[in-house]
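**Student:** Listed below are the residues making up each chain.
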Amino acid sequence: METILDKSWLNALNTNGSAKIDNDFIYNSLQSRVDKQKNIFIDNSDIITSQEFSFNKVSEPQNQSFFLPAISPPYLILESKSYFTGAQKWIGHVTTINEHTFNAQLNDLNDPTTYEIGEFDLNEVPPEDMELLSVGAAFYWSVGKANMNGQVEKKSLIRFQRMKPWSATDYDDALDKADTLFKELNWD
Amino acid sequence: MLKNYLQIYNLSIVIIGDFNPVIIQPFWLAHKKLIREQEAQTANVEIIHQEVVRYSLDWLNVEITKDKFTLSSKQEPFFEPLKDLVISIFSILSETPLRAIGLNHLKYFSIPDKTRHYQFGNVLAPLSNFKDSFEDPRLLNLEIIEQPRKDIFNGSIRTRIYPSDLKLQLPFGVAIDVNDHYDIGSEKNSSANEMVNLLTNQWDFSLKKSEEIVENIWSKINP
Chain E
-16 METILDKSWL NALNTNGSAK IDNDFIYNSL QSRVDKQKNI FIDNSDIITS
34 QEFSFNKVSE PQNQSFFLPA ISPPYLILES KSYFTGAQKW IGHVTTINEH
84 TFNAQLNDLN DPTTYEIGEF DLNEVPPEDM ELLSVGAAFY WSVGKANMNG
134 QVEKKSLIRF QRMKPWSATD YDDALDKADT LFKELNWD
Chain Z
13 MLKNYLQIYN LSIVIIGDFN PVIIQPFWLA HKKLIREQEA QTANVEIIHQ
63 EVVRYSLDWL NVEITKDKFT LSSKQEPFFE PLKDLVISIF SILSETPLRA
113 IGLNHLKYFS IPDKTRHYQF GNVLAPLSNF KDSFEDPRLL NLEIIEQPRK
163 DIFNGSIRTR IYPSDLKLQL PFGVAIDVND HYDIGSEKNS SANEMVNLLT
213 NQWDFSLKKS EEIVENIWSK INP
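Protein chains in written order, with the working numbering: chain E, -16 to 171; chain Z, 13 to 235.
Note that these hints are calculated values from the structure, not bench results.
Using N, Cα and C, we set each Cβ at its ideal position, and we do this for glycine too.
Watch out, some of these pointers could steer you wrong.
Sample of chain E residues lacking proximity to chain Z, with all beta carbon distances greater than 10 Å (derived) [claimed, not checked]:
| # | residue |
| --- | --- |
| 1 | 13 |
| 2 | 79 |
| 3 | 100 |
| 4 | 136 |
| 5 | 164 |
| 6 | 168 |
Cβ-Cβ distance ranges computed for the label pairs, FRET-style [stated by the list, open to error]:
| # | chain 1 | residue 1 | chain 2 | residue 2 | range |
| --- | --- | --- | --- | --- | --- |
| 7 | Z | 70 | E | 148 | 20 to 28 Å |
| 8 | Z | 78 | E | 91 | 37 to 45 Å |
| 9 | E | 148 | Z | 209 | 15 to 23 Å |
| 10 | E | 111 | Z | 34 | 19 to 27 Å |
| 11 | Z | 142 | E | 148 | 53 to 61 Å |
| 12 | Z | 40 | E | 107 | 26 to 34 Å |
Here are the computed lysine-lysine pairs in the BS3-like style, where the Cα-Cα straight-line distance is at most 25 Å [said to hold, decoys possible]:
| # | chain 1 | residue 1 | chain 2 | residue 2 |
| --- | --- | --- | --- | --- |
| 13 | Z | 15 | E | 137 |
| 14 | Z | 220 | E | 128 |
| 15 | Z | 143 | Z | 95 |
| 16 | Z | 15 | E | 138 |
| 17 | Z | 126 | E | 138 |
| 18 | E | 72 | Z | 162 |
| 19 | Z | 95 | E | 128 |
| 20 | Z | 15 | E | 72 |
| 21 | Z | 220 | E | 72 |
| 22 | Z | 220 | Z | 126 |
| 23 | Z | 15 | E | 128 |
| 24 | E | 147 | Z | 45 |
| 25 | Z | 232 | Z | 15 |
| 26 | Z | 221 | E | 128 |
Just need the whole structure built from these sequences, with the hints factored in.
**Tutor:** Spelled out as structure tokens, the structure:
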């Protein structure tokens, strides 16, 4: 009973001063709700229009059906004003983890000729990447200037690599490939 | 080097195939641990529908329809994570039939002065050829294609050069768009695996090729 008690019912109680809720009152109240629902017209004209989509406007209840959004204009890849260009990038592999720091072997992604060793503070690792931190884990380290909505910022970013975990089949495939390579080696 | 004038670099990985867009939602990516959970929570979702999915993270734009999958970023530190994400998605959805993949390198440059900006068009398509018909001819769009490719893959490499319509640091903007396109699907039942291998192996080549094309163009204009 509580769930269908609405304002009109409360008004009936208040104006009459006593609870005069008979079957007719309940029927009329429910009927008015049904009529109200029937008259709700679907008008999607203001849904995601700011996102460059437009829906066909439906003005009659009997014509209610979903129309695919027409995507126009074409997807604007540069609509965001933030970009990061000319970064110096390394891929690192964690070698040791200490109490407050970790060490890594760094390979320059722009010029992968040699490697360097680096030490990083643990507090530079994003909290959600901490679970990925382990010896051997790969991460990307980038240093450069970012333009964030017109403001140029110097940035140093660390992001641990996220890949689909290897399955037993992946390991088997890798072992098979290694076997094949080994057999093809010609020792002089 | 022209890369010294690089302002914006947008890298898109576009895959043609048959997709079920609604699968690849932010929380599905987070559930598979391919993005951070916080990134999924703060994703800017524009639409998720069975026909089209479109959203963005801080560093990533995603648009997937029934036949086209596009992931892009214009933040260079995230280009490798972008590649990892595509590889991981199709390692998981390994039954997805795919037909082609394109690595699109769209680069916007601010040319330092008006003279070299004019020379960009004049050297690539000598404007004196048009002086009989036009008083002040300018190059608006130039597209070069190599098809078939000269390596072992099916596909093409295409470059388009045009004036930039973006407001850059300097008014003399030029855009160079390199489309490194591969047709896939020769292995009938494992086109996703083929794409994963191709993307893994061709990634470095594609980045270097786009840089080489840009610098070679610049060397002609600024010898």
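**Student:** Hints first: check each against the structure and report whether it holds.
**Tutor:** Now for the hints, and whether the structure bears them out:
Distance check for residue 13/E against chain Z: the nearest CB is about 34 Å away, which clears 10 Å, and the non-interface claim stands. The beta carbon of residue 79/E sits about 23 Å from the closest Cβ of chain Z, which is more than 10 Å, so the claim that it is off the interface holds. Residue 100/E, annotated as away from the interface, keeps every beta carbon of chain Z farther than 10 Å; the closest lies near 20 Å. In this structure residue 136/E is separated from chain Z by more than 10 Å, as the shortest Cβ-Cβ distance comes to about 12 Å.
Every CB of chain Z lies more than 10 Å from the CB of residue 164/E, the least distance being 15 Å, so the non-interface label holds. The Cβ of residue 168/E sits about 21 Å from the closest Cβ of chain Z, beyond the 10 Å cut-off, so the non-interface label holds. Judged by the Cβ atoms, the range 20 to 28 Å given for residue 70/Z and residue 148/E holds: they are separated by roughly 25 Å. The hint said 37 to 45 Å for the Cβ distance between residue 78/Z and residue 91/E, and at roughly 41 Å that hint holds.
Distance hint for residue 148/E and residue 209/Z: a CB-CB separation of about 18 Å, consistent with the stated range 15 to 23 Å. A hinted range of 19 to 27 Å for the beta carbons of residue 111/E and residue 34/Z is consistent with their spacing of about 25 Å. Evaluation of the 53 to 61 Å hint for residue 142/Z and residue 148/E yields a pass: the beta carbon distance comes to about 59 Å. Residue 40/Z and residue 107/E have their C-beta atoms about 29 Å apart, which keeps the hinted 26 to 34 Å range intact.
At roughly 19 Å between alpha-carbon atoms, residue 15/Z and residue 137/E fall within 25 Å of each other, so this suggested pair holds. Annotation: proposed proximity of residue 220/Z to residue 128/E holds, straight-line Cα distance about 21 Å (limit 25 Å). Between residue 143/Z and residue 95/Z, the direct Cα distance comes to roughly 46 Å. Violation of the 25 Å bound is thereby established for this hinted pair. As the CA atoms of residue 15/Z and residue 138/E are separated by approximately 19 Å, the hinted pair is consistent with the 25 Å bound.
Using a Cα cut-off of 25 Å, the hinted pair residue 126/Z and residue 138/E is violated, with the two alpha carbons roughly 32 Å apart. Under the criterion of a C-alpha separation no larger than 25 Å, the hint pairing residue 72/E with residue 162/Z is inconsistent with the structure, at around 30 Å. A distance of roughly 22 Å separates the Cα atoms of residue 95/Z and residue 128/E; the hinted pair therefore holds under the 25 Å criterion. Among the hinted pairs, residue 15/Z with residue 72/E is consistent with the structure: their alpha-carbon atoms are about 15 Å apart, no more than 25 Å.
A hinted pair counts as satisfied when its Cα atoms are at most 25 Å apart, and residue 220/Z with residue 72/E qualifies at roughly 14 Å. Of the supplied pair hints, the one linking residue 220/Z and residue 126/Z is violated, its CA atoms being roughly 28 Å apart against a limit of 25 Å. Under the criterion of a C-alpha separation no larger than 25 Å, the hint pairing residue 15/Z with residue 128/E is consistent with the structure, at around 14 Å. Between the alpha carbons of residue 147/E and residue 45/Z the distance comes to roughly 8 Å, so the proposed pair stays at or under 25 Å and holds.
Taking the CA atoms of residue 232/Z and residue 15/Z, the gap is about 15 Å. The hint holds against a cut of 25 Å. With a C-alpha separation of about 24 Å, the suggested pair residue 221/Z and residue 128/E falls inside the 25 Å cut-off, and the hint holds.
Violated hints, listed in ascending order, are 15, 17, 18, 22; each of the other numbered hints is respected by the structure.
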